[in-house]
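Protein chains: 2
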Amino acid sequence: MEGPQQIASTKMFGGYNKRYKFQSRALGCETTFTIFFPPAASEKKVPIIYWLSGLTCTDENVFIKSGVQRPAADQGIAIIGMDTSPRGLNVEGESDSWDFGVGAGFYLNATQGKWKNWQMYDYVTKELPELLKANFSELDTSRASIFGHSMGGHGALTLYLKNPGAYKSASAFAPISNPSAVPWGKKAFSNYLGDDKSAWEAYDATCLVKNYQGPKSVEILIDQGEADGFLKEQLQPENFKKAAEAAGVPVNLRIQSGYDHSYYFISTFIEDHVMHHAKALHS
Amino acid sequence: MEGPQQIASTKMFGGYNKRYKFQSRALGCETTFTIFFPPAASEKKVPIIYWLSGLTCTDENVFIKSGVQRPAADQGIAIIGMDTSPRGLNVEGESDSWDFGVGAGFYLNATQGKWKNWQMYDYVTKELPELLKANFSELDTSRASIFGHSMGGHGALTLYLKNPGAYKSASAFAPISNPSAVPWGKKAFSNYLGDDKSAWEAYDATCLVKNYQGPKSVEILIDQGEADGFLKEQLQPENFKKAAEAAGVPVNLRIQSGYDHSYYFISTFIEDHVMHHAKALHS
Numbered sequence: 001m002e003g004p005q006q007i008a009s010t011k012m013f014g015g016y017n018k019r020y021k022f023q024s025r026a027l028g029c030e031t032t033f034t035i036f037f038p039p040a041a042s043e044k045k046v047p048i049i050y051w052l053s054g055l056t057c058t059d060e061n062v063f064i065k066s067g068v069q070r071p072a073a074d075q076g077i078a079i080i081g082m083d084t085s086p087r088g089l090n091v092e093g094e095s096d097s098w099d100f101g102v103g104a105g106f107y108l109n110a111t112q113g114k115w116k117n118w119q120m121y122d123y124v125t126k127e128l129p130e131l132l133k134a135n136f137s138e139l140d141t142s143r144a145s146i147f148g149h150s151m152g153g154h155g156a157l158t159l160y161l162k163n164p165g166a167y168k169s170a171s172a173f174a175p176i177s178n179p180s181a182v183p184w185g186k187k188a189f190s191n192y193l194g195d196d197k198s199a200w201e202a203y204d205a206t207c208l209v210k211n212y213q214g215p216k217s218v219e220i221l222i223d224q225g226e227a228d229g230f231l232k233e234q235l236q237p238e239n240f241k242k243a244a245e246a247a248g249v250p251v252n253l254r255i256q257s258g259y260d261h262s263y264y265f266i267s268t269f270i271e272d273h274v275m276h277h278a279k280a281l282h283s
Numbered sequence: 001m002e003g004p005q006q007i008a009s010t011k012m013f014g015g016y017n018k019r020y021k022f023q024s025r026a027l028g029c030e031t032t033f034t035i036f037f038p039p040a041a042s043e044k045k046v047p048i049i050y051w052l053s054g055l056t057c058t059d060e061n062v063f064i065k066s067g068v069q070r071p072a073a074d075q076g077i078a079i080i081g082m083d084t085s086p087r088g089l090n091v092e093g094e095s096d097s098w099d100f101g102v103g104a105g106f107y108l109n110a111t112q113g114k115w116k117n118w119q120m121y122d123y124v125t126k127e128l129p130e131l132l133k134a135n136f137s138e139l140d141t142s143r144a145s146i147f148g149h150s151m152g153g154h155g156a157l158t159l160y161l162k163n164p165g166a167y168k169s170a171s172a173f174a175p176i177s178n179p180s181a182v183p184w185g186k187k188a189f190s191n192y193l194g195d196d197k198s199a200w201e202a203y204d205a206t207c208l209v210k211n212y213q214g215p216k217s218v219e220i221l222i223d224q225g226e227a228d229g230f231l232k233e234q235l236q237p238e239n240f241k242k243a244a245e246a247a248g249v250p251v252n253l254r255i256q257s258g259y260d261h262s263y264y265f266i267s268t269f270i271e272d273h274v275m276h277h278a279k280a281l282h283s
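First to last, the protein sequences are chains S and B.
For the first sequence, our numbering gives the first residue as 1, with consecutive numbering after it.
For the second sequence, our numbering gives the first residue as 1, with consecutive numbering after it.
If we strip away everything but chain S, and leave its shape as in the complex, we get (with noise of 0.2 Å):
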């Protein structure tokens, strides 16, 4: 495996954000991705916490406009921010909506036809944790932790559900908590994962916490803004709630009032994630 290329450092509460490209394997392009390296970073490893982006973004946008970098360089904490698809592959009907393909990967493995590329889970699970380890000394890549924004949000629970063990505490801001009884969900798995629900319900979190067999000590924090606009149609996050607690899944759903689906209400609450995560990353 080729190293990654540092194509940009900047430096932010005495740490760096670092963006890097490289050729991934599972998504058969090149691909870029960012971590911003606490203060803590230069002398001794630190932990990690994925950030999973929602529909449209980048690896880039959680640092620009969350405010993250604050509270990680705080705690001593790495944060990896990737792409929300492959790009550059030119697949037909790629980039005709900005809720499906190009920027709209849903952190699964598509088994459809053309979007044979969108292998996001592979890559955010298993190329990208190796990748970092074999790259970057600095990282302690055995202590991670998971959260993102609606679609990524969803990405973090169900990474976090599927891969027991590998992620010491999930969060999430708006997830996309039930996708396949939802219209964004419906319209990605179809596309990706064709007709058949079974595969649908290995990629859904409402439908991965019920037969959820992994430590159940460290609580999963949600943030659900009440004036989010997706709220009802797209959200649904009282679902994944009740599931989860019918499998004795401990959930802390917080509804916050007047906050709608924007980075402005991650940014109200992106410390209060990062404290959450650094509780069972340091402990």
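Just so you know, not all the hints are guaranteed correct.
The list cannot tell twin chains apart, which means a pair is met if one copy fits it or any two copies do.
[Stated by the list, open to error] Below, simulated DSS-like cross-link-like pairs (lysine-lysine); rule was C-alpha separation at most 25 Å, straight line:
{"#": "1", "residue 1": "Lys65", "residue 2": "Lys18"}
{"#": "2", "residue 1": "Lys21", "residue 2": "Lys65"}
{"#": "3", "residue 1": "Lys210", "residue 2": "Lys186"}
If you are wondering where the hints come from, they were derived from the structure by calculation, not from laboratory data.
Here the structure of chain S is known, so what remains is to put chain B in place on it, guided by the hints.
Then chain B, alone, in the frame of chain S:
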């Protein structure tokens, strides 16, 4: 004067980012501005800090990228951000370069022919404060401070020095400290103000501070990234510091090792600046 029309509202840190548009007399066009109202504004009048942005920015950049809302919410201070020039006037050549014309008003009153609408000085020092006072009872416009970045950092210094007592305190990130002596400033001043150098001195902070006769009890805070690619050719904060020292105006110029000219640099130190102003505004 017709009142401003709200065009967006988003909750953040318990307060609200609200964006407005109105027909500006000073600029002769419709323009936008944004106010972050801290949570305290729902209970009492709050002081304000004007933020003046740099080249190419609109009123939105600082609210999206700097994280200023967190300390402003904590301190109970409103942040006012405005556009950086008139827009939509279709003046010949107004968008030919990124460092002149649209997005590059330099917070002065232009005197030269086709740039007659570039009256950013009057807009920021007169029209906007009057509009805020008339339309927002939550704001105590008599308690105001001013800060900004690059072109806007220089704007903050000049508006503070030209209006003794109007602003309780001033600070700047990477200001263009002596525009008469650098390429960005020479291009802007010669086009907006003509060739008479005495007209330039009336908008050059390093010239203005030499003759400043206002209050000298409050230190001016300046942060400058040591790795800022514009430092040597365009910014020259040492010129301002030397002139201020000779005039007995206290300046705290902090050279920040490894930081560049970006919003990552601003984000890192914005809390320090809000606290600097809070001290002056709450005393």
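> Can you list which hints this structure breaks, lowest number first?
Replying inline: No hint contradicted; all consistent.
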